[in-house]
Amino acid sequence: MPEADFIETLRCRLVELGCPLAQVRRLVREVADHRDDLKQAAEAEGLSGAAAEIQAMAQLGDPLALAEDLAATLRRSSWWGRHYVITFGLLPVLAVPVLWALALLLELFLLVGVLGHGWNLTKIRPMADDPVTFSYLLMIFHLMDYLAVAFVALAFHRLARRAAVNRKWMMIAFGLCSFYSLLSWASVEPHTFSLGFSANLHFHMHYEQWIKGMIPPAVAAAGYVLHRRKVQRFLEQVPV
Amino acid sequence: MKKTNPSFLNGIPELLVLRLLAVREMYGYQIVEEIRTKTGESLSFGEGCIYPYLHYLEAEKQVSSQRREVAGRSRNYYKLTARGRKRLEALSSEWRRVTSGVSRLMGEQYA
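Residue numbers (numbering that gives the first Met the number 0), protein chains in the order written: chain A, 0 to 239; chain B, 0 to 110.
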């Protein structure tokens, strides 16, 4: 296999295996340096340029196997990657409700801060009593609820990319995010706010619940498309 | 309770790399060559396989790396960190414990 093909095969396989692109760039560069060192050593032993190149390639071995090795080590190098069953199969069960509630409360805290000019509740109370203003507040509240779900899904997306785990585990995490989003509810009425979970999953749920349930798959799809584009641009660059 | 040894046996490449980097900073090819020559060619890394180990050690903050140009060639040089030095001490003492145990057994039963 010619030198350029070896590096290109290695690079494409590493990308296919889900390695972060910055890591791929670095690994490919180092393997190319290594190949140059091997070639130089072979030439110093008296081999011709072409023979030295063949020997260097033979010493480096199969680029696909090398890529598998490199990707496996990358996975092992983070706690999330080493314990991917816990991180993407079990952690969402515990973390999704907590993260969602925290994100929503933080957003509400910020909203109250903005509307009340520094948490002055006497300025907010009249808003809740006015039906028109309250309907706008309700709309903002629903948007914030969706945003909190999107934030949780994005957190797991980022974790999966950094840990370079198999796409299957990313999908499991998104599935759990989606399931919990269908079960979680947040309600606001004048002067009252409540949130919680309901195990009562049925087809006649309010449309806001269904929208929430669709957010994690939408984040996954958007993440996939953006990643594909990034990969495309990356692969169009000259490797080394 | 005494620890079992499989994790240590998996840690031999780590021990070798850390031991070499304790002497001076090196790049990947140099490490592979040193292991091959200093072990009398009885141990050797697959050529490209050193990099996952180095990146793993770097992620664990046991080594650090820097891209530098020396004699017209730009390469990633790796050096040991304080945490790497501690890890090397731990692995070395584990190595001595295991080898002395194995030697004792071999001496008693198979001499």
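Don't read these hints as lab results, they were simulated from the structure.
Glycine residues also receive a C-beta, built at the ideal position from the N, C-alpha and C atoms.
Just so you know, not all the hints are guaranteed correct.
Said to hold, decoys possible - These stretches of chain A come out as covered by chain B in the derived footprint (C-beta under 8 Å, 3 or more residues):
# : stretch
1 : 31–37
2 : 74–88
3 : 169–182
Status of the hints after comparison with the structure:
1. 31–37: Holds, because 5 residues of the stretch 31–37 of chain A bring their Cβ atoms closer than 8 Å to Cβ atoms of chain B.
2. 74–88: holds (count 3)
3. 169–182: violated (count 0)
The structure shown violates just one earlier hint, number 3.
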